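Given chain C, work out where chain U should sit, using these hints.
These protein sequence lines are chains C and U, in that order.
Mapped onto numbering that gives the first Met the number 0, the consecutive letters of the first sequence carry residue numbers 0 to 297.
Mapped onto numbering that gives the first Met the number 0, the consecutive letters of the second sequence carry residue numbers 0 to 268.
Please keep in mind that the hints were generated in silico from the structure rather than gathered at the bench.
It is possible that some hints are incorrect.
Below are the SDA-like pairs computed for lysine to any residue, each with C-alpha atoms no more than 25 Å apart in a straight line [said to hold, decoys possible]:
#, chain 1, residue 1, chain 2, residue 2
1, C, K140, U, T10
2, C, K189, U, W5
3, U, K45, U, A69
4, C, K84, C, D246
5, C, K189, U, K121
6, U, K256, U, D156
7, C, K189, U, F15
8, C, K189, C, P99
9, C, K291, C, L121
10, C, K84, U, L3
11, U, K254, C, V119
12, C, K140, U, A40
13, U, K121, C, P34
14, C, K28, C, D62
15, C, K140, C, I153
16, C, K28, U, G209
17, C, K189, U, S154
18, C, K291, C, I153
19, U, K254, C, M117
20, C, K28, C, E256
21, U, K256, C, R112
22, C, K189, C, T114
23, U, K262, U, L159
24, C, K189, C, L121
25, C, K189, U, K157
26, C, K189, C, V214
27, C, K291, U, L96
28, C, K28, U, M127
29, C, K189, C, P108
30, C, K189, U, L3
31, U, K256, C, K291
32, U, K121, U, P104
33, U, K121, C, L31
A quick note: this is a predicted structure, and the numbers were derived from the prediction, not measured.
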Amino acid sequence: MNLRRLIVIGIPFTWLLLFFLVPFAIVIKISLSDPAIAIPPYSPTLELSGGWAGLKAFFSQLDFENFTFLTLDPLYYTAYLSSLKIATISTLLTLGVAFPMAYGMARAPEEWRATLMMLVILPFWTSFLIRVYSWMGILGKEGFLNMILLWLGIIDEPLTILNTNTAVYIGIVYTYLPFMILPIYSTLEKLDLSLIEAAEDLGCTRTSAFWLVTVPLSVPGVVAGCFLVFIPALGEFVIPSLLGGSDTLMIGKVLWEEFFSNRDWPVASAVAVILLAILIIPIILFQRNQQKQLEGDQ
Amino acid sequence: MKKLSWFNLTTLTLGFAFLYIPMIVLIVYSFNGGRLVTVWAGFSTKWYGTLFHNEAFLDAAWVTIRVAVATATLATILGTLAGYVLVRGGRFWGRTLFSGMAYAPLVMPDVILGLSLLLLFKVMFGSMGMTTIILAHTTFAMCYVSVVVSSRLLSFDKSLEEAASDLGATPFDTFMSVTLPIIFPAVLSGWLLAFTLSLDDLVIASFVTGPGATTLPIKIYSAVRLGVSPEINALSTIMIGIVTVGVLTASLINKRKVVQRLKDEKTAN
Numbered sequence: 000m001n002l003r004r005l006i007v008i009g010i011p012f013t014w015l016l017l018f019f020l021v022p023f024a025i026v027i028k029i030s031l032s033d034p035a036i037a038i039p040p041y042s043p044t045l046e047l048s049g050g051w052a053g054l055k056a057f058f059s060q061l062d063f064e065n066f067t068f069l070t071l072d073p074l075y076y077t078a079y080l081s082s083l084k085i086a087t088i089s090t091l092l093t094l095g096v097a098f099p100m101a102y103g104m105a106r107a108p109e110e111w112r113a114t115l116m117m118l119v120i121l122p123f124w125t126s127f128l129i130r131v132y133s134w135m136g137i138l139g140k141e142g143f144l145n146m147i148l149l150w151l152g153i154i155d156e157p158l159t160i161l162n163t164n165t166a167v168y169i170g171i172v173y174t175y176l177p178f179m180i181l182p183i184y185s186t187l188e189k190l191d192l193s194l195i196e197a198a199e200d201l202g203c204t205r206t207s208a209f210w211l212v213t214v215p216l217s218v219p220g221v222v223a224g225c226f227l228v229f230i231p232a233l234g235e236f237v238i239p240s241l242l243g244g245s246d247t248l249m250i251g252k253v254l255w256e257e258f259f260s261n262r263d264w265p266v267a268s269a270v271a272v273i274l275l276a277i278l279i280i281p282i283i284l285f286q287r288n289q290q291k292q293l294e295g296d297q
Numbered sequence: 000m001k002k003l004s005w006f007n008l009t010t011l012t013l014g015f016a017f018l019y020i021p022m023i024v025l026i027v028y029s030f031n032g033g034r035l036v037t038v039w040a041g042f043s044t045k046w047y048g049t050l051f052h053n054e055a056f057l058d059a060a061w062v063t064i065r066v067a068v069a070t071a072t073l074a075t076i077l078g079t080l081a082g083y084v085l086v087r088g089g090r091f092w093g094r095t096l097f098s099g100m101a102y103a104p105l106v107m108p109d110v111i112l113g114l115s116l117l118l119l120f121k122v123m124f125g126s127m128g129m130t131t132i133i134l135a136h137t138t139f140a141m142c143y144v145s146v147v148v149s150s151r152l153l154s155f156d157k158s159l160e161e162a163a164s165d166l167g168a169t170p171f172d173t174f175m176s177v178t179l180p181i182i183f184p185a186v187l188s189g190w191l192l193a194f195t196l197s198l199d200d201l202v203i204a205s206f207v208t209g210p211g212a213t214t215l216p217i218k219i220y221s222a223v224r225l226g227v228s229p230e231i232n233a234l235s236t237i238m239i240g241i242v243t244v245g246v247l248t249a250s251l252i253n254k255r256k257v258v259q260r261l262k263d264e265k266t267a268n
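Looking at chain C on its own, in the form it has when it is part of the complex (with noise of 0.2 Å):
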């Protein structure tokens, strides 16, 4: 190996372990710990200058206390819990409003594709923060959807629905629908329509063609899109803390109000632990999706 190629795959690779893969070293560490009054909050610190004494001595003073915490405090696991549930449910209400757009795109004339297709990455460019704020005045008590609602008699009195788990959902899909619909067109444009027309040939009807040909060539797509949308939205931070109420129970929001209210950043570690447990699996998962698709692609 000459020295030009160590240094162009050095550079980001060290980049990557010291920023990446050390910090995960340490909140495991931390996590291990207990929690001390002190400047950093918490104990023991490594002091190398103990040589392997002070090593030994420091290890055997790591437990799993802050995980013993975890499972038997219930306000954890249910966080747990409801993120799963929230995150099911928002990936599936994502997929149930992207698929059919999706489906539209692809079939829309060639000279409208480019067009309907800046108009779903545009919201992606624009600020995550602003475009989940911008529901704040919409599903509010005196907001614009209640506005128009009394306003046409649907209703007599306002609907609460901001600081409810529904406008959580409402958020997610909203935010998350261009990771859907993305992954879900580029594998409907590529479909072949001859293959449909050969399934409508062969004596199928237009909904049955649909059924056995589109739906199961669009899996790659589905797979991706899910994932990209279950991952993120299993942590989701802003979403449950600007438009969920006090009773929606997100482990993301768990996560920042330990360490920002409580200060307590052991438990905060031995949380972000167990988040990063549950989601290792979709993760890996996922990179293998891509992977097949990379290759399948060449």
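Chain U alone, transformed into the frame defined by chain C:
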């Protein structure tokens, strides 16, 4: 090409209405004269005026832009290298680990990235500020750049690089005079992507920020937690406006290039 069926037309109309109505409502209400967000009190631009006299917002905007420019530049260099290594790097020790690390930040929840980087920076530097935000943003933004660059590298004709090295170019010369010009549009969109990601981030910045390094999203978040405010509506409208103009310009330039290429091909034939 046949026309769109009424079913597809309806889903597309409803879908895009869902995507755009919240932003349109927000923009319209930013021109509302009253303090109450829902009661229309006549057209006015006064909230834009108060916004431009709000020192705290202006300071935060300036910090955010400096962080975003530094992040985008660093992330583009590192991400282009990473994308190049992933596609052209061949086999090396730790390749699987490397590609795992290059993809994982794309899907890692912000709260975990933020917390872990904060703990690292506490050990490394002790204090936080703009530098730590830049380092943190670069780490996740470079992965996006690497994805954009590596997909461009995958789709271009490798024989061009081979031709250059057959003609005696060193790998470095080949990269600079053949590879880089071809992947340049991807590098540029990587820069823009990294820039917007940095501009947009609230969670990671909240963890690794320090005194004097309040970014715009941190400022907006602390303001909107209390509810909707016309000033934030005005600020959001400006931000949406800038992004829209940027994306439209980029796509127009792109379109003109495609049209030009088609013309060139026609005359060549």
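Going through the hints against the structure:
With a CA separation close to 28 Å, the supplied pair C:K140 and U:T10 exceeds the 25 Å bound. A C-alpha spacing of about 23 Å is found between C:K189 and U:W5, which places the hinted pair at or below 25 Å, so the restraint holds. Restraint check for U:K45 and U:A69: not satisfied, since their Cα atoms lie roughly 33 Å apart, outside the 25 Å limit. A distance of roughly 14 Å separates the Cα atoms of C:K84 and C:D246; the hinted pair therefore holds under the 25 Å criterion.
A threshold of 25 Å between alpha carbons decides the hint, and for C:K189 with U:K121 the separation of about 49 Å lies outside it, so the pair is violated. The hinted pair formed by U:K256 and U:D156 meets the criterion: a straight-line CA distance of about 20 Å does not exceed 25 Å. A distance of roughly 22 Å separates the Cα atoms of C:K189 and U:F15; the hinted pair therefore holds under the 25 Å criterion. Of the supplied pair hints, the one linking C:K189 and C:P99 holds, its CA atoms being roughly 16 Å apart against a limit of 25 Å.
Taking the CA atoms of C:K291 and C:L121, the gap is near 29 Å; set against the 25 Å cutoff, the hint is violated. Distance restraint check for C:K84 and U:L3: the Cα-Cα separation of roughly 37 Å exceeds the 25 Å cut-off, and the hinted pair is therefore not satisfied. Pair hint U:K254 plus C:V119 holds up; C-alpha atoms about 17 Å apart against a cutoff of 25 Å. For a cut-off of 25 Å, the pair hint linking C:K140 to U:A40 stands: about 19 Å separates their Cα positions.
Restraint check for U:K121 and C:P34: satisfied, since their Cα atoms lie roughly 16 Å apart, inside the 25 Å limit. For the hint pairing C:K28 with C:D62, the CA-to-CA distance comes to about 10 Å; that is within 25 Å, so the pair holds. Distance hint between C:K140 and C:I153 is fulfilled; the C-alpha atoms sit about 15 Å from each other, no more than 25 Å. Simply put, C:K28 and U:G209 have alpha-carbon atoms about 24 Å apart, close enough for the 25 Å limit, and the pair holds.
Pair hint C:K189 plus U:S154 holds up; C-alpha atoms about 16 Å apart against a cutoff of 25 Å. Using a Cα cut-off of 25 Å, the hinted pair C:K291 and C:I153 is violated, with the two alpha carbons roughly 50 Å apart. Restraint check for U:K254 and C:M117: satisfied, since their Cα atoms lie roughly 12 Å apart, inside the 25 Å limit. With a C-alpha separation of about 20 Å, the suggested pairing of C:K28 with C:E256 holds against the 25 Å cut-off.
Annotation: proposed proximity of U:K256 to C:R112 holds, straight-line Cα distance about 17 Å (limit 25 Å). For the suggested pair C:K189 and C:T114, the alpha carbons sit about 18 Å apart, so the restraint of at most 25 Å is met. With a C-alpha separation of about 24 Å, the suggested pair U:K262 and U:L159 falls inside the 25 Å cut-off, and the hint holds. Distance hint between C:K189 and C:L121 is fulfilled; the C-alpha atoms sit about 22 Å from each other, no more than 25 Å.
A threshold of 25 Å between alpha carbons decides the hint, and for C:K189 with U:K157 the separation of about 24 Å falls inside it, so the pair holds. For the hint linking C:K189 to C:V214, the alpha-carbon distance of about 13 Å falls within 25 Å, and the restraint holds. Between C:K291 and U:L96, the direct Cα distance comes to roughly 18 Å. Compliance with the 25 Å bound is thereby established for this hinted pair. Under the criterion of a C-alpha separation no larger than 25 Å, the hint pairing C:K28 with U:M127 is consistent with the structure, at around 21 Å.
Distance hint between C:K189 and C:P108 is fulfilled; the C-alpha atoms sit about 14 Å from each other, no more than 25 Å. Between C:K189 and U:L3, the direct Cα distance comes to roughly 18 Å. Compliance with the 25 Å bound is thereby established for this hinted pair. Proximity of U:K256 to C:K291 is assessed by CA-CA distance (about 33 Å); at most 25 Å being required, the pair is judged violated. At roughly 21 Å between alpha-carbon atoms, U:K121 and U:P104 fall within 25 Å of each other, so this suggested pair holds.
A hinted pair counts as satisfied when its Cα atoms are at most 25 Å apart, and U:K121 with C:L31 qualifies at roughly 17 Å.
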